[in-house]
Amino acid sequence: MKSYRKELWFNTSTRRAFINITPQVEESVKESGISEGFALVNAMHITASVFINDDERGLHQDYKEWLENLAPHEPIDQYSHNRTGEDNGDAHLKRQVMGREVVVAVTEGKLDFGPWEQIFYGEFDGRRRKRVLVKIIGE
Amino acid sequence: MKSYRKELWFNTSTRRAFINITPQVEESVKESGISEGFALVNAMHITASVFINDDERGLHQDYKEWLENLAPHEPIDQYSHNRTGEDNGDAHLKRQVMGREVVVAVTEGKLDFGPWEQIFYGEFDGRRRKRVLVKIIGE
Amino acid sequence: MKSYRKELWFNTSTRRAFINITPQVEESVKESGISEGFALVNAMHITASVFINDDERGLHQDYKEWLENLAPHEPIDQYSHNRTGEDNGDAHLKRQVMGREVVVAVTEGKLDFGPWEQIFYGEFDGRRRKRVLVKIIGE
Chain E
0 MKSYRKELWF NTSTRRAFIN ITPQVEESVK ESGISEGFAL VNAMHITASV FINDDERGLH
60 QDYKEWLENL APHEPIDQYS HNRTGEDNGD AHLKRQVMGR EVVVAVTEGK LDFGPWEQIF
120 YGEFDGRRRK RVLVKIIGE
Chain S
0 MKSYRKELWF NTSTRRAFIN ITPQVEESVK ESGISEGFAL VNAMHITASV FINDDERGLH
60 QDYKEWLENL APHEPIDQYS HNRTGEDNGD AHLKRQVMGR EVVVAVTEGK LDFGPWEQIF
120 YGEFDGRRRK RVLVKIIGE
Chain Y
0 MKSYRKELWF NTSTRRAFIN ITPQVEESVK ESGISEGFAL VNAMHITASV FINDDERGLH
60 QDYKEWLENL APHEPIDQYS HNRTGEDNGD AHLKRQVMGR EVVVAVTEGK LDFGPWEQIF
120 YGEFDGRRRK RVLVKIIGE
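Chains as they are written, first to last, in numbering that gives the first Met the number 0: chain E, 0 to 138; chain S, 0 to 138; chain Y, 0 to 138.
Isolated chain E (complex conformation):
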């Protein structure tokens, strides 16, 4: 069995952002030399997500508005977590809806995707350096 590990770094200019990281994950699969296996892609921070959906700007706007409705950022003092001095209580909730990680099959040396699947980094408390882990195992 082979294994491969890489960290991807992000520093978004806005609090919330969705970034298509499919090219970096595809590159990782190539570098790994693994043709059959699983690729795990996970946020290493607990106010961010990795998820798979469509690379369509309108949809991303819908996600932002929907998540804001489900877990509003303000008022800040509605979250007990923010009594620690943080203002990111909402981000911990949003990340649970969108998920921490995806596991993608690797087949014949490629991400084994349906027609529209793309991998996104979802940032809910940005403006600082944060990481995504890519770990691939297989043969």
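One side of the interface only, derived from the structure: several residues of chain Y facing chain E at Cβ under 7 Å:
id	residue
1	35
2	57
3	60
4	106
5	138
Derived by calculation from the structure, the hints in this document are not laboratory data.
Just so you know, these numbers come straight off a predicted model, no measurement behind them.
Yeah, the Cβ is synthetic: ideal placement off N, Cα and C, and Gly gets one too.
Use these hints to put chains S and Y onto chain E, whose structure you have.
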């Protein structure tokens, strides 16, 4: 390390449906000849889910009503995504709540399940042919 | 390829609880002797979750209130599932938001975590014995 891959196809007669796919995944584990490993089961389409829960009709009705409340199908024009000509903006949101994939342990050649765990395909934009990927790795 | 399996048992004194199970999973990784691979940690029951987030009491209180708002326990008869004689319809919904499982990379014999990642058992219908599965594969 062995690996196994299979696609399951669906074409539901209704927009939304939950289908128990446990027998097909169990069959895949048998076919794979893998006794210890992981089975990944994921929707290959971004308006559908794969999830694990109870095979109980009342619960499935609860899920449908709850998801419709969290992300209503209508009015269609509430979703920016639907400006692309689609009417499935809600389906992309519902799928995030229910999830894209499950990873199930394979132990002694069987899905390593708790007492009530069953795998479901969750369709939120049906009435066309769509796929689920089963990928198993192990020994 | 090596594989390792362990069950963790819980019996919470309250209906809802969050328990940090990171030490038990770290112990499992050690026992497995696996240095590079994946650890799957999943609830074996369908009214419980395994998820990764922060070990901060205020945040856990926020999760409880938020989930209660998204899927209230009462009135019991709002859920079709409860017509079976159960009163845990809400717990099946809450578990979908928080997730069934996490997959964590194992690197150099350790859980490959970001700075604040901790693994939690999330109980939404407790006061009876329930299990979490830890399955690790790799080399």
